Every structure is written in structure tokens, then in C-alpha cells.
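Visitor: Residues per chain, in single letters:
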Amino acid sequence: MSLLDRKLLRDLRALKSQALAVALVMACGLAMMVTTRSLILSLSTTRDNYYERHRFAEVFARLKRAPNSVRDELVKIPGVATVQTGIAIQVTLDVPGLMEPAVGMINSLPERGAPVLNIPYLRAGRLPQSQSRTTRGELAVSEAFAEPHGLKPGAKLSAVLNGRKQEFLISGVALSPEFVFEAPPGAALPDNKTYGVFWAPYKELATAFQLYGAFNNVALTLAPGASEGEVIAAVDRLLAPYGGRGAYGRTNHPSHRRVDDEIRVLQGLSVAFPLVFLSVAAFMVNSVMSRQITLQREQIAMLKACGFSNRQVGAHYFKFSLAIVVGGVVFGAAGGVFLGGKLVEMYHLFFRFPQLDFMLDTRVLVAATAVSSLAAFGGVAGAVRRAVNLPPAEAMRPEAPASFRPALLENFRAARWFSASFRMALRNIQRRPVRSGLTCLALALATGILIVPNTFRDGIAYVLDFQWDVVQRQTVTLSLVEPQQARAIADFRHLPGVVLAEPFRYVPVELRAGPIMRRLMLQGLPERGTLSRVIDARPAQFTLPARGVVISAKLAEVLRVKPGDEVIARVLEGEEREISVPIVGLAEDFAGVAAYMQLDALNRLMREGDRITGAHLSVAAGQWEEFLRAVKNTPRAAGCMIKASMRDGFRKTTAQSIGLLQKMYMMFAVIVAFGIIYNSARISLSERARELATLRVLGFTRGEVGAVLVGELVLLTVVALPVGLVIGSGFARGILTAVNTETVRLPLVLTAANYAFAVAVVAVASALSALFAARKLADIDLVSALKALD
Amino acid sequence: MTTAVEPIASPPAQPPIEARERMFHARGLARIYGEGEAAVTALAGVDFEMFAGELIVLLGASGSGKSTLLNQLGGLDSPTRGILHYRGWDLGTADEAGLTQFRRNAVGFVFQAYNLIPSLTARENVALIAEISRDPMSPEEALHLVGLGERMDHFPAQLSGGEQQRVAIARAIAKRPEVLLCDEPTGALDVRTGITVLEAIEHINRELGTLAVIITHNAIIADMAGRVFTLSDGRLVGVRENTSRATVRSLAW
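Taken in order, these protein sequences are the chains called X and A.
Okay, so the first sequence: first residue is 15 according to our numbering, each after it adds one.
Okay, so the second sequence: first residue is 1485 according to our numbering, each after it adds one.
Some hints here could point you the wrong way.
Each pair of labels, with its calculated beta carbon distance range [stated by the list, open to error]:
| hint | chain 1 | residue 1 | chain 2 | residue 2 | range |
| --- | --- | --- | --- | --- | --- |
| 1 | X | 399 | A | 1724 | 55 to 63 Å |
| 2 | A | 1581 | X | 428 | 43 to 51 Å |
| 3 | X | 416 | A | 1723 | 41 to 49 Å |
| 4 | A | 1581 | X | 445 | 29 to 37 Å |
| 5 | A | 1722 | X | 433 | 22 to 30 Å |
| 6 | A | 1723 | X | 448 | 18 to 26 Å |
| 7 | X | 785 | A | 1518 | 52 to 60 Å |
| 8 | A | 1727 | X | 422 | 54 to 62 Å |
| 9 | X | 399 | A | 1577 | 48 to 56 Å |
| 10 | X | 422 | A | 1582 | 38 to 46 Å |
| 11 | X | 445 | A | 1723 | 45 to 53 Å |
| 12 | A | 1615 | X | 448 | 25 to 33 Å |
| 13 | A | 1723 | X | 422 | 53 to 61 Å |
Since the hints were derived computationally from the structure, they do not count as laboratory data.
Remember, predicted model here, so these are calculated numbers, not experimental data.
Glycine included, each C-beta is placed from N, C-alpha and C at the ideal position.
Turn these sequences into a full structure, and let the hints steer you where they fit.
Guide: Written as C-alpha cells, this is what we have:
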């Protein structure tokens, strides 16, 4: 080891707490980047491999019923590679130990041979076999549903198939690329307690539903180079006579889209916010190194006088900052791997892959290291250049005394009352405007990043209140197997405990504005409902007009339309038709996208008379169990969504994942706030050691000198705090915009408590840093600090 | 360079030393840095007394222990052995807070490197000390005493070395200290400027009756003192009493 390197090690040791503070801030930015980029890599690689190995289809279609011969016509469509037809049907389940009825989506397995598309992955047991060979019907159950219910191969389960209750044996637990994210159709949030996916042999399922020799579900892949749009159009034309509900590609596939959205969220978090941290770290490296070089002026002169070249001296100080960067990279990578591992664990709550392992994105690690090193070097370059350009003889002399002038603020009359230490602080700030400005900016950023995590928390709290207390006020939502006469509502009203019942009709539609389209359930609701309400951003309830639709604000953004514009609605059920409807308002909602219409208006549009597909019910708490028992025995009720369990599900999944992000960000933000403030205090202590020692000798108490030391920092903090609150609100808005997807969104909620928290953390960090600095002040050797300058 | 200090023919007669109040009293005062083999003896046990209104010069080569002694007198450091009393109060056993109060109320310091606060003007540098003192003189009065009445609103960087040192003296005396401790006050100055600074110190000593202790390695300066303590190797090797004090103007080196 060269002696210069030994000097480097010793200098680093002397500067360890400051070097550590800088390295930690850098580590936070890097960890954030490494975690998110690695998760993107893990998710996308795992997904792509899974899709490929288990042959995830590219185009999907549902229909009422088509004879198996239509399959051959599907195969003939130009651009179609492989076709798989089958049955997918929703049934009511009676799960042992579950009070409420659950809904199962049973998918058929081919009658002959193995599935060719959307091939299930067996986690346990085997795929179900035909009844001819066993005494009882068999089902394979999805892992997402099996886990919360403790269903293992050999367990029994009852399902109501076409009005007839049947008992099944669970033959295996499986996963499918089609159901990586498993949520009820139309629902943006998972509810693994009451909704599950199953697989059954074609023959059993077809027989039970009088569909033998027919199919109602299509999956297909495209030939290389085929146009998805053309194939979808051809499939729609072909299936229209058979009650086709419109084919769609992967981008509209609910499971695929959810995974895609998660990757988009991670992308939103992976660059801009970590870069804020890294630039703060670069500034800190700059301030630490500039100070170090100033302190070592004489040493630099000595080195040059002894014959060291400018390059050697420059390299020495670059190595110094490199050592800090290396520390940051090591901490950052370790932190990134650790947090990434935690987040991957959490993804098992949402996403079902055969295996999801954390994959470290080494490329981003290398890139981030390069960026940090460049930033650090950039930060040091100026100071190093100044130092090496100094002729040795000049550098040997102490730096000329700093020249000051009265601060601009002192031109005011009130300035007469400024204390001496306040004047010192003002003039110090004014003498080095760039450095003071940057310190102020760093403090503002520290304040700002403290705002972000709590907006996540407050947003979640708002959604929990808003979505389930303001918008959805029903206890439970019952859906029917098929649209029925409006008088079916009377049956629901007569269920035990029902206080209020409001009908609804959901119709699958495709909404189009120019080239952009989305498929969703158009919800027909009472004009001004009491249970399920359409609410705008104010928030105030809409009265649904006789003409026109209210759509989610997010949907308006996606379709690039605004109230007053018209959208084309293509009905995907029954008789196909297209109509142009005006948008009459934008609704505030946080999960999925929706479109609302007055129920009567929707029924007029459908020309099928007064029909409903379900009802929102308010049920008296005392008769809850009785109500659920009655629902289990209502064959027409196909689905039962209980608000409390939806809310619970949201809390356990989305809220938990965002909660983890919040904690992670909070930790980072606090580290950065402390790091910046501590570093500023240390540098100001080092620069003013002599001045402060003089004051001590002249009889100032340690507290009084401490006040002089932190005065400047306090002034900068006071200026930085309001700026930081504004910056933080901007960060929060930017990040929420980046992470808000069509599936899940958080509103921007900025509370006084959040602001107060950020201010308090910065204040505590300042106080503690001042305390550290004051303790260092006690270590200053008064006698040696006063030694003559020459 | 102008100065408000009036040249005087000879120093005024002072009452005999024994009649004046005893300020410092030291017996076997020793300061040893480090321990065992590495121990360095900076002061090897000195005995002395200093009285109110005296002007004492501590003379000695570098490493003789004069700075260590001044640090002891100023409450910047505590003795390893021996006793040091200030007006009957034991400086050796005083705690940090007690020493701070001692420096704050009783001692004025003048350093070789001036140690002014660069961000404060001359007036403000003096006012800063006045802020924490019990019965300070006004900064203007203190600056007039050292002949700097006109340059009060200049910052240290705008003042010459001699002017900066006189601001430092004004700062030291603004609190009306009982003791003025000067560590090589002319060390960084040329002869002419050094003279004006020494005149200021002598003026304070005479007008305010402040005990002034000046460290120097310049034997000529010793002629202005009432008594000269000579230190060598941490020992007090001689105390000389000047029968007639030379005027500062007559000094030359």
C-alpha cells in the first residue's frame, strides 16, 4: 500500500461519521433503485418464462355457446396459430368453515389430451379425472383460494352446478398463467376468501350445464407477425351469432394487466425519486470533500513541493470520494437485496407464480454505481482542481481571511435589534450564497421526501373511508347468474335481515374514443342510490341523468375525453349494437375503471325490458348469519360480495404492500434528513472551529457557542421548511401520478399532520445534530485551536 | 497611523507591590502532559505571586513553559500538581462552568493571531463580549481607548494587522477585566505597529489598573514591565524588578 493510500485510510477514519452519513444517503437512493429495478426484473422475467412454458394465450373471448365445429373456423382465421376452446362457468360454492357463499370459476380441461394453452401448473396432487373412473367428481383448485381455506388434495367441497348441489373431491392444487392475479371479473381487488378458480374435466362440466359438444370460452395464440387487432375483429365477427362478448388481447386481460400495472408502479418509483437521493448525496460528497481539501491545503502544498504530480494529488482526493461511493454502493446493494427480498415475499400475496425469486438487477447496480461515482467525482472535481492548481508556495500560506459585508437584511430598520450571533449567521449565509442555497435546497429536499411516505398512508386511509363508507354503503352485493326480470329484486328483499335492496344491471361494453378503447362493465344504477353511490371529486353524489354516462376520472384520462364529449359504447352482450353516449360527469374511484348509467336508461338501451343482474343490499347485523344461510340456498344468486371482506382484503393486500413501501421510504427519508443536517452541522463546526474556540476562551458558555454554531443552520432550516413542504407536495403528486394505474390508485391526500410530521423530524434531526456538534465542540482543544495561524 | 494614547515622559509612581491586592498565588504549580514514559513536563513546579495593577512580562524561549503558564492563569487548563489561587479562589479544582465564568468575568485575552470574528465589524466584535459581561464599557469607549474610534464599522478583513490587534485589545478590555493576558501580541506585527499595540496595553494597565501579563520571546519588550519573569525548561529561573519602566515609545527591536 502506498503511503498516500495509508493517509487516505487514516483520513477516512478521522472523517468516519461524516463519510458514513454521506454513504448512507447514497445507499438509500441506490437501495431504492436496486430494489425496484430488481423487482421489475424478477417480475417480468418470471412472468415471461411462465407465460412461455405454460403457453399463455394471446387473445381471449367469452361467448354464450357455440358448437365445437366453430373451433375449426377459428383455426382458419388468418394469423391464428393455436386455438383452445372450452367451458368457463361461474358456480356458487359451499366451502367448509366459510359462512358466506363463495364463487368458483370452473374452467374445463380438454376432453382428450392435455391442455395446449394456459397449461395449469400443479402445485400438489394431480389434475382431475373423469367421473367414469372415480366415484365422485373431482376438481383442481387454485392455490390462491386453497391457501386461505386450507384445501388440500383429498378435501371435499360442494358446488351448485346449474341449480343442483354436488360434492367434489379436490384432486390437486394448481396455478395458471391466466390467473397470476386472481380477482372476480370486473373487480380490481382480489378476494381470495370468496372467489376461486377451479379446473374440472370437460365432460362433467359440459354435462351439468347442457353444454356438451359446445364451448363458451376461447383462448388462442397468434402466428408470428399476425395483427392482433385483425384477429380480434375476425374472432368477433365469427362469434357474434353465438353470443360472443367481444375478444380481447393480453393488454385487456385482467391478470396480465395487473402484473403489468405493478411493473409500471415499480418503474414509476425506480428512477426519479432515487435520483433525488443520489443528487443530495452528490452534494454532500462535494461539501465534505471541499472542506477536507481546504483543511489539507498545507498538506497538498507539501506533497507538491516534495514532487508529487498534480495527477497523483488529484487521484488521491478522487479516491477519497470513491471510498465513500463504494461504501454507499455496498450498503445500497445490501439494503436493496434485503428490501427486494421482503417485497418479493409480499408479492406472493397478490401474484401466483410457480416460483418467484428475487433477482438482483446487476446492470442497474453497475449503472447506479457509475452514476453515483460520476456525481461524486463531479462534486469533487472543482475543489480538487482549485487545490492542485495552487502553487505550492501559496498553498503553504494560510488562506486569506474571509471578507464580509453587512447582510442585505440589515438594511431594514429592525436590523438594529439583531443580536451579534444572528448577524454572524446572516453574513455567513450571504458570503457563500451558492453553498448556502444548496444546503437550503438539500434541507428542503429532506423535508420534502418526508412528505411522500405519509401521503401513501393517508391515501390508503382515505380510500378505505371513501370507497367503503361514501361510495359503497351496502353490506353485501348479490349477483344473478343471468339478467332477470326486475321483479327478482323482491326475492332479495325477502331474504332475512334485508333492510334495503337496490337493483343494478351490469352490461359488458366496449367504450371507445378515437383509437383508444376499454372493455368494462357498464353499471346501471338507480338515479340517486342510497347504497351504491356515484361520487365526484368534491365529493358530492351524482344524480344519474336519463341520458349519458358518468365515467371514472381515470377512464376519462385513458380515453382522453372530458365531460361533454361523446364516447362510442359497443354492447358486448346479446344483440350487438353501438351507440354514442355523452359523458355527463367524472366519478372519483380508486380501483379499476368504471362507467355508470341510470338503470332505466340502460334498460331502454338494451331493449330487453326491465332487467337486473343483481342487487346491493343492506343487511341488519343481528340477522347476518341467517341471511348468509339463506343466500347459500338461493340458486339464482351466482355471487356474493361482502363489503367487509373486500375491505379486509384491500387492507391485507394493497394496504399492506403500500404500507411496506411507506415504511421503507420513511426509513430512507429519515436517514437522509438526519444525514444532511448532521453533515451540515459538522462542516460548519469544522469551518468555524477557531472562531468558536475563541468565543469559548473569551468566556462564552458551551451553550452560547452552540447557539452561534447552529444559528446559521436554524436560519437555513427556517427558510427550507416551507420550500420543502411545497417540494414534498410536488413529489407526492408526481409519484402518485407515476404509480396510479387503471387497477389501483391512491388519491393525493396532504394533511396538516403529515406536514407537521416532516417539520418535526427535521426539527428533531436539527436538534440532535446540534447536540452531536455541541459534544464535538467540547472536544475542541481550546489551546491548540488558538495557536497562531502561521 | 493615529493613536489616542498620549505619550508620557515616564510611568507614574505606583504604590509598593506588597500594599496592593494579591491576584494570583502559585505554589509548586506543575503541568505535565501525557503519562509514564511519554510524559512531557511543561511546567515543573513554579512559585509566584502577581498583584493588581502590575504589568508583568513572561520571557522565555519557545518551549520554556510561558504559554502553559498563561493558559493556567487564564483558566484554559488545569494544573497537574500544585496550587493556583486567584484572589483566594482555587483555580486548580474549579470545574468547567466555574472556569467559563472566570474567563467571562475576570479575564481579557489577546492572542498573537488576533482571533477576531471575521463576520463581525470592529464595533460588533467588541459588542459581542459586552453582551455577555456584567458591567461592560460601551464598544465605542473601548475602541477609543485603543485609538480606533474612526474605523469601528470596518470588518476585520478591511483592517491592518495592528488595527486588528487593537480591536482584539478593545474586545478584551470592554468587560473591564481584572486581568489582561496577552500571548505574543506583537508576534505577527512590524515594529511600528507593535509599538502602537503595546502602547494600548500599557494605557489600559495604567488607566484601569488592570493586571497585565504579556508573553514574549523579545527581551526588549521586557523593559516596559514592572516585573519580568524568565522561564526556562518549565522553571521560573528569574524574577527581575525594573526599577524604572521604559516608555513603550523608547523601545526598539
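Visitor: Please write out, lowest number first, the hints stated earlier that are contradicted by the structure.
Guide: Result: hints 2, 5, 6 and 7 break, sorted rising.
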